[in-house]
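> Join the two chains, each given in its own frame, into one complex according to the hints.
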Amino acid sequence: MAPVKVFGPAMSTNVARVLVCLEEVGAEYEVVDVDFDAGEHKRPEHLARNPFGQTPAFQDGQLMLFESRAISRHVLRKYKTEEVNLLREGNLQESALVDVWLDVEAHQYNPAISPIIYQHYLIPMRGGTPDQKLISKSMEKMKKLLDVYEARLSKFKYLAGDFVSLADLSHFPYTYYFMATPYVSAFDSYPSVKAWWESLMSRPAVQKVISQLPKQ
Amino acid sequence: MAMKVYGPAASTNVARVLVCLEEVGLDYELVPVDMTKGEHKSPAHVSRNPFGQVPAFQDGDLILSESRAISKYILRKGGGSHLLREGNLSEAAMVDVWLEVESGQFDSAMSPIVFQCFVVPMFMGGTTDMKVVEENLEKLKKSLEVYEARLSRFKYLAGDFVSLADISHFPMAHYLLVGPHASVIDAYPHVKAWIADIMSRPSVKKVTELMEAAIRMN
Chain A
0 MAPVKVFGPA
10 MSTNVARVLV
20 CLEEVGAEYE
30 VVDVDFDAGE
40 HKRPEHLARN
50 PFGQTPAFQD
60 GQLMLFESRA
70 ISRHVLRKYK
80 TEEVNLLREG
90 NLQESALVDV
100 WLDVEAHQYN
110 PAISPIIYQH
120 YLIPMRGGTP
130 DQKLISKSME
140 KMKKLLDVYE
150 ARLSKFKYLA
160 GDFVSLADLS
170 HFPYTYYFMA
180 TPYVSAFDSY
190 PSVKAWWESL
200 MSRPAVQKVI
210 SQLPKQ
Chain B
0 MAMKVYGPAA
10 STNVARVLVC
20 LEEVGLDYEL
30 VPVDMTKGEH
40 KSPAHVSRNP
50 FGQVPAFQDG
60 DLILSESRAI
70 SKYILRKGGG
80 SHLLREGNLS
90 EAAMVDVWLE
100 VESGQFDSAM
110 SPIVFQCFVV
120 PMFMGGTTDM
130 KVVEENLEKL
140 KKSLEVYEAR
150 LSRFKYLAGD
160 FVSLADISHF
170 PMAHYLLVGP
180 HASVIDAYPH
190 VKAWIADIMS
200 RPSVKKVTEL
210 MEAAIRMN
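Here the protein sequences line up with chains A and B, keeping their order.
Following numbering that gives the first Met the number 0, the numbering of the first sequence begins with 0 at its first residue and continues without gaps.
Following numbering that gives the first Met the number 0, the numbering of the second sequence begins with 0 at its first residue and continues without gaps.
Just so you know, these hints were derived from the structure itself, not from any lab.
All values reported here derive from a predicted model rather than from experimental measurement.
Mixed in with the good hints, there may be bad ones.
Unchecked claim - Residues from chain A shown here face chain B by an in silico Cβ test under 10 angstroms; the list is partial:
hint	residue
1	D59
2	F65
3	R72
4	H73
5	D102
6	H106
7	L121
8	M124
9	G126
10	L144
11	D146
Stated by the list, open to error - Derived lysine to aspartate or glutamate pairs resembling DMTMM-like cross-links, with alpha carbons at most 25 angstroms apart:
hint	chain 1	residue 1	chain 2	residue 2
12	A	K41	A	E29
13	A	K77	B	E38
14	A	K79	A	E27
15	B	K76	A	D161
16	B	K138	A	E29
17	A	K79	A	E29
18	A	K132	B	D26
19	B	K140	A	E39
20	B	K76	A	E88
21	A	K142	B	E147
22	A	K140	B	D33
23	A	K41	B	E147
Even for Gly, the Cβ is constructed at its ideal location relative to N, Cα and C.
Here chain B stands alone, though its shape is the one from the complex (with noise of 0.2 angstroms):
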């Protein structure tokens, strides 16, 4: 039986999930979740994800939600742990920090910006907050100072090697990229031609587009 993802592909969340399902190519099957009419808090998708959110996974019995945990789950299964590099603890290690970075940094000051540039007005009918998304702003430039000073030693965030912490980047890198902000990145060269690379990756580009076909249908 096909893994599930439960959710919508323009989420970042569920798109994370998808691109590792891409990197590995195993079978999985899109379940969409229609969260503008309440969907991701009705019984059914809360018996998934006990938090009402999204994404959720199912393989067989099993049943996951959060999608860093979910994306690691499907890497080591289906042959994507390289991406991991699990066997070596000093590279392991390094995945991790960064992975945590992702989302405590990154994500966490890309997620009001997104939030206020596109759900407010495309799906709340209501006007962006510049104050939130100035000050949002202000403290992704504070992380892409550091970013750029890592991506100027090493090719990747981890180290050489391409990994998960890398392609968690890019959901939110996708949004700040088609969005009225993304003269941002000029300012950092390497984090800019880092962000290049990883949005070349094919399984990248493949979930890309599923997120922009969700979006042209709403």
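Excised from the complex, chain A in its bound form (with noise of 0.2 angstroms):
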């Protein structure tokens, strides 16, 4: 069976959304870098494989993807064994809760979270100065987020339940590069989130995907 294909920097968080999740079901895969300098996200050739023109994009034999969560969804749905199900689709409250979390990650935590990450690292390698009020606005958002995660996460060891799903992967990417900004002592008030971002960061998959991150 050909390795599937990755297509995107393996700097993007979106990308090591998809990475991860490879990773966890020890599936083959090569990543094939997009050029943004370059323009290439907007050339016809990738186009093709993301109509709008963003990364990652993604090819299993003849199947062609985009959207992150929806490629990992896939991955983890085709490779998914006893022991790698992290899904739990078949069990009807089990993937209720994984989508619940999934979309709140993607809804609620993505929008607060991402302008920090924007601001304190996209726009400095821009030459430019971060916006410190609209981080300030972020960070307030997060506080409110993270008093949800921490009750959620008090009852329970992962987001969807007693077990490990995508909904907790699923916040690796941006967590990740939060956790190097100065802003990460936002955390330290929240001890079960704290421990549950230890324990994701502590998976060989993650481990393997940092390991390939470019440095900061």
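Okay, structure coming up:
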């Protein structure tokens, strides 16, 4: 079987989301870079794979996919085993809770955390100064969310229940970059969240993807 | 015990869940949540949806939030899994892709437009911010170009079969059609035909009526 292909820059958070799933299931894969600076993401070859000109795109034989959470679901569904069951499809309640917390990551967590990552990392890379006001506003949103996460993770080991799932793993990429900013101290007030994060970081699949990320 | 959906029928996220219940024909109770009075932030509601949003959903002991997650649960439980295609790897993946697109591209452009054109004047006594509307109409058109290309090749978004990815568009599509910017879809004939097809589903007609009745009451 040919290795699956992930198209996008290795340092991209959305690419990393897919890679951690591939590592969890032990699938063979190849990362094919897409050069944003050269405008490669807007060229016909890439648009044929991701019509919105974004990354990642993904190829599994004849199947072409985009949207990192959809790609992740496919990988986890296709390579699911008894031991590695990160979607819990087949169990009505468990799969529903995985879906809920994956959507929370996409619709609540991501919009709160990504402006901080963008301002702290990408703006200086382009010669600009981070907008502290925007960062403060985002940090306020983050704290409100972390209150909810703390309550949840005081009751359960992971977000969907006492089992790890895609819902947890999906938080890894942006949180990893956040942990290297000065704002990381916000997590000190949330001991259950901190413990959950540490447990995710200790996963071999997560460590493997981190080792492939460019150094900060 | 019937499933419960908490929230106003006029909310697009509530309507999404209701249409799935109608698709599978399961019994449900719609419990109103008066957002004009801040009921969505009340302790009772927050105990069901910790983000203080609508909908919340209850089936016995199971309490869920996030409309697309709730929708999948309802379809799986109620015999509507053909709308998810989870038995077929490629098809299920395409449903997932276009459901993400619905949320990330369509809903994210439509939501500020609907907020400015409906919620601000009708519920907040304010004036529509045309700058916000114009910006998001431009984003919407860029997305609709992609949709047009897709729907020129396939009858529905995930392929030649209807799925949750298509139906999930209906609540915002409804507000687009009844709002001041409906003509934006005229430039995208396949999109226009696809929307008409979705809106003609009996489940969608039923929930559209609930949405309209809720708006009229205000």
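> Each hint should be assessed against the structure and marked as holding or not.
Here's how the hints hold up against the structure:
1. D59: This interface hint holds because 8 angstroms falls under the 10 angstroms limit.
2. F65: The hint holds - A:F65 has a Cβ within 10 angstroms of chain B, the shortest such distance being about 6 angstroms.
3. R72: holds, 5 angstroms
4. H73: Cβ of A:H73 sits 4 angstroms from chain B, so the hint holds.
5. D102: holds, 4 angstroms
6. H106: Given a least distance of 7 angstroms, the restraint on A:H106 holds.
7. L121: violated, 19 angstroms
8. M124: Cβ of A:M124 sits 24 angstroms from chain B, so the hint is violated.
9. G126: violated, 25 angstroms
10. L144: holds, 8 angstroms
11. D146: Where the cut-off is 10 angstroms and the nearest Cβ of chain B is about 9 angstroms from A:D146, the hint holds.
12. A:K41 <-> A:E29: Answer holds: A:K41 to A:E29 is near 21 angstroms, not above 25 angstroms.
13. A:K77 <-> B:E38: Status violated; Cα separation ~42 angstroms.
14. A:K79 <-> A:E27: holds, 14 angstroms
15. B:K76 <-> A:D161: The given pair, whose Cα atoms are some 22 angstroms apart, holds under the 25 angstroms limit.
16. B:K138 <-> A:E29: violated, 32 angstroms
17. A:K79 <-> A:E29: holds, 20 angstroms
18. A:K132 <-> B:D26: violated, 48 angstroms
19. B:K140 <-> A:E39: Distance of about 22 angstroms is within 25 angstroms: holds.
20. B:K76 <-> A:E88: Given that 25 angstroms is the threshold and the Cα spacing comes to 12 angstroms, the pair holds.
21. A:K142 <-> B:E147: violated, 40 angstroms
22. A:K140 <-> B:D33: The given pair, whose Cα atoms are some 24 angstroms apart, holds under the 25 angstroms limit.
23. A:K41 <-> B:E147: Holds, because 18 angstroms separates the two Cα atoms, which is no more than 25 angstroms.
Hint check: violations occur at hints 7, 8, 9, 13, 16, 18, 21; the rest are consistent with the structure.
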